[in-house]
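Peer 1: Protein chains in written order, with this note's numbering: chain A, 20 to 140; chain B, 17 to 543; chain C, 520 to 969.
Because the hints were derived from the structure by calculation, they are not lab data. Incorrect hints may appear among the rest.
Unchecked claim - On the chain C side, residues computed to face chain B include the following (Cβ under 10 Å):
1. Arg597
2. Ala711
3. Asn788
4. Thr962
Owing to the predicted nature of the structure, the values given are computational and were not obtained by experimental measurement. Every residue gets a Cβ at the ideal spot worked out from N, C-alpha and C, and that includes glycine.
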Amino acid sequence: MRFTKDHEWVELDGDVATVGITAYAAEQLGDVVFVELPDVGKALKPGDSMAVVESVKAASDVYAPIAGEVVAANADLPGTPEMVNQDPEKSAWIVKIKVADSAQIDALMDRPAYETYLDTL
Amino acid sequence: MSMQTIGRPTRPETNAVAAAAPEGAKGLLQYEPLIFELGGWSKTGVDLPDVAADVADDLGDLVRTAPIGLPGLSEPETLRHYVRLSQKNHAIDLALYPLGSCTMKHNPRLNEKLARLPGFIDIHPLQPQSSVQGAIELMDRLSHWLTTLTGMPAVALPPKAGAHGELCGLLAIRAAHEARGDARKRVLVPTSAHGTNPATAAFAGYTVEEIAQTTDGRVDLADLEAKLGPDVAAIMVTNPNTCGLFERDVVEIARLTHAAGAYFYCDGANFNAIVGKVRPGDLGVDAMHINLHKTFSTPHGGGGPGAGPVVLSAALAPFAPEPWIVHDQNGYRLIEGREGVAAQAFGRLSAFHGQMGMFVRAYAYMLSHGADGLRQVAEDAVLNANYIKARLGDLMSPAFPDGPCMHEALFDDAWLEGTGVTTLDFAKAMIDAGFHPMTMYFPLVVHGAMLIEPTETESKAELDRFCDTLRVLALDALSAKDDPAALERFKAAPVAAPLRRLDETQAARKPRLKWTQPAAPAPLAAE
Amino acid sequence: MRYLPLTPDDRAQMLGVIGAADIDALFVDTPASARLKGPVDLPLHQGELEVELELAGLAARNRPAGAGPFFCGAGAYRHHVPASVDHIIQRSEFLTSYTPYQPEIAQGTLQYLFEFQTQVAALTGMDVANASMYDGSTACAEAVMMAARVTRRTKAVLSGGLHPHYAATTHTLAHVAGVQTLRLTPRIDAEAGVIAAIDADTACVVVQTPNVFGQVTDVTAIAQAAHAAGALLIVVTTEAVSLGLLKSPGEMGADIAVAEGQSIGNGLNFGGPYVGLFAVREKLVRQMPGRLCGETVDAEGRRGFVLTLSTREQHIRRDKATSNICTNSGLCSLAFTIHMSLLGEAGLRKLALINHAKAKRLKAALETVPGVEVLTQRFFNELAVRLPMDATEAVERLAAHGILAGVPYSRLDPDAGMNDVLLMAATETTQDGEIDILPRVLTQMLEARA
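Next comes chain A alone, as it looks inside the complex:
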């Protein structure tokens, strides 16, 4: 699993990357009440806003960590947004992206590097 400075996580399986937000991000946001998902087929560039995670008081964009095409979005999230608080780094994945260039993932932080980064915040 790899991580971005914007607190997304990415896990690659073949040429499909699963993306979600980190436990740290979920904790900071507080109670998540809604997740707005992208349409399947949407083409993404790194840094594009691809989903929105909402708490009662804020709407936070989730950015694409890598380029690619959305091949799946987690349909359970709109109905049970609390999953993002309960299991952010596994069952509350947000999208699956068919990756254009897997080298973009290698460039992201690994877990120790992300934890070191969190200590600086």
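Given the coordinates of chain A, work out where chains B and C should sit on it, guided by the hints.
Peer 2: Relative to the frame of chain A, chains B and C by itself:
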């Protein structure tokens, strides 16, 4: 991801106190069901003459046949229902209502009486203009007062609220640029701006860029200058600003803006602080909305209706929306389309002429105060806010301690550090102490913001009662550092209100936005 | 000054506490060159009596609807408002409160908003209603903007039966957002031509029933055609009382229903303040503009109400908000709710039937006048009437005889070539005798002119 974590906790932290009885009364405050649980399907509180059963037969299958789902009540039941509900509200008439940026001042009852004269409340917007000369003249006189008080040549009365006024101003600006063939794309808005400013700019088809704020709570001139350019249509600056401070560099802001070919939209939400003291027209403003429900005392009514006329500079005046008011030897007239002097009007903002009911109230208020009284309004509003800042400044932390504030005193939550008490907790504890909380967590640029606006209609005695209460509460909050019981009192507050803290998370996760009939048993009262 | 409690002594003491030499020391941040030395050039303060006399003088120069025969409609309708409605909305706790930011001490406002939303959803036959918009016309414009967002398309088809001022208001907002408004030719049965205008770029179709000419249409087929093309159907109602009798927008397939709610609980007020009703299908709720009130529980598990789904709104989403609207039409929505609670289903239906009966009487009376043609065939309480003369001139002549005969269509739409069309409404406030004198008065006027 972009993490917006600013703001208040949104879920009650304790469920410790057991419910006495879910439907229990408190003192004389009654539990009150919804109308749908009280009313009857065949019951009505209105006596109407009988009508033939077949009168709608000509409409055939255009007539609805299924039940609508609207219960009715008799008149005494209706009164009791809504009067009981009313008692669960705080109101200006009960006590200080210190919501910063909202200007909760006294609403004179003379204005209510006059707005209900048949000659105002019972006239139709499209009846012949010859039959409503008094109404159009009142609009014209109101316009004269607004333009004179602001030092601006023109005013558009139609906008129905502050945000609608912002839209009116930006559409006039857009039309002025377009008339010159100058398509511009961006609008600059300070980080401290009210959310309606960027939302309005986006609605008017512009992209929004933020201007940084200085450490003393004003527009950062260097940042403004760097961001101005040939594609900037306008800046939107609130003055006095949302931190309750006057933009000292306002004349320079206007000069820079005009030098870049852009217009200066001033959000006049806080005009009450300077009415009669300074005229926006003398500061280089091109357009400014005036919330009649703030500066000119029309009632807030639980969230509306408001009114947001916009004063305009000579450059923007030709583009004001329909209708226009004109006056000649034949009397007063509304121009309702793009014709004559209104040929360049940008269009229509709503079906009719604006909030006439509010115009009557605001005009009555202006006549009551007069030019002298309105000046005193601004002075007393500013005096009251500075008095609060002075009386609380040693315990709570003013966000901008240096120099005077205008009509509202802004504190941050630095003084609560280490206590475990948040701005939200402090606000909720104020309810138990008998006061409506101040505006909290706004403006966003100040951490844990507490924005207190007393207005000019508070007596010194009420201000002292408020300050004395807040001082006791503040000391209590500070004691929470090493007193878990004190902290618990803040976390549990309010306990004396009709309800305890509400679960906003549940409301948003599983929205229930209307009453639905429970499966069984049927909830309706016997008929 | 009666609204200012501070005495000169108070002010001096307070300046002392602040540590300011005088009041001008508190205005030190304003540019010295712009500071006014004294009051602006306007009259000085006046007592309550003087103000009352001045405004009463202005009011006396207006001819109230209730002062005689009155047939104006076209988007604003005169109905009887029960006395208790106005009494309740003048209670301090409703009149002088604000947006329920602190729900623990604003349950009165929140609960009536929840009742309002439920009533509006029921009346329009929709799933969810918001806490109200400024008025019907701005609600219509916002509905079009919402449809463009939802469908990501940029064309709105406006029926020729839509109130011309609603079309103009919508155009004002839409064109700056790059949404094209295609307004079809105004005709009594304009809805018949709507389907042909729908294409693959169409975000929404806006139809009004009863339309501006009073014509009632079942728009089910238009809904089907819009949906087949991937567009939304917006149904507009300017006379809310009609919803008590006619098929609801929801029943006919509307995706968004907007209405002017003034007819219920609110006076004519020369055009404002009014109350816009806005209701949608469940799946569109997160794209809705405006405030929403929702049910929840407090820390003790008791039912309570809060403002919710706020992430749609400007104070959180800022430039990405669904609208810039920041308030609702609070007190007008309260008046609507109270009046509706008094009427109940039974009262509303009866009120609607009475309105229809009055309009039938009006139609029958007009049809006896030689040269006058009633154009509207299926109507609720309003008729378009063709006169053998200019309608504006006719209205002015009749006004001189104390009769407000209606609204010339050309006042709303000067370029439509319908200068001889008069819009006439009758409600429960219209007395039979006022209708019955019309044939004689109209005939006399036409003969005198001839």
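Peer 1: Are any of the numbered hints broken by this structure? If so, which, sorted upward?
Peer 2: 2 and 4
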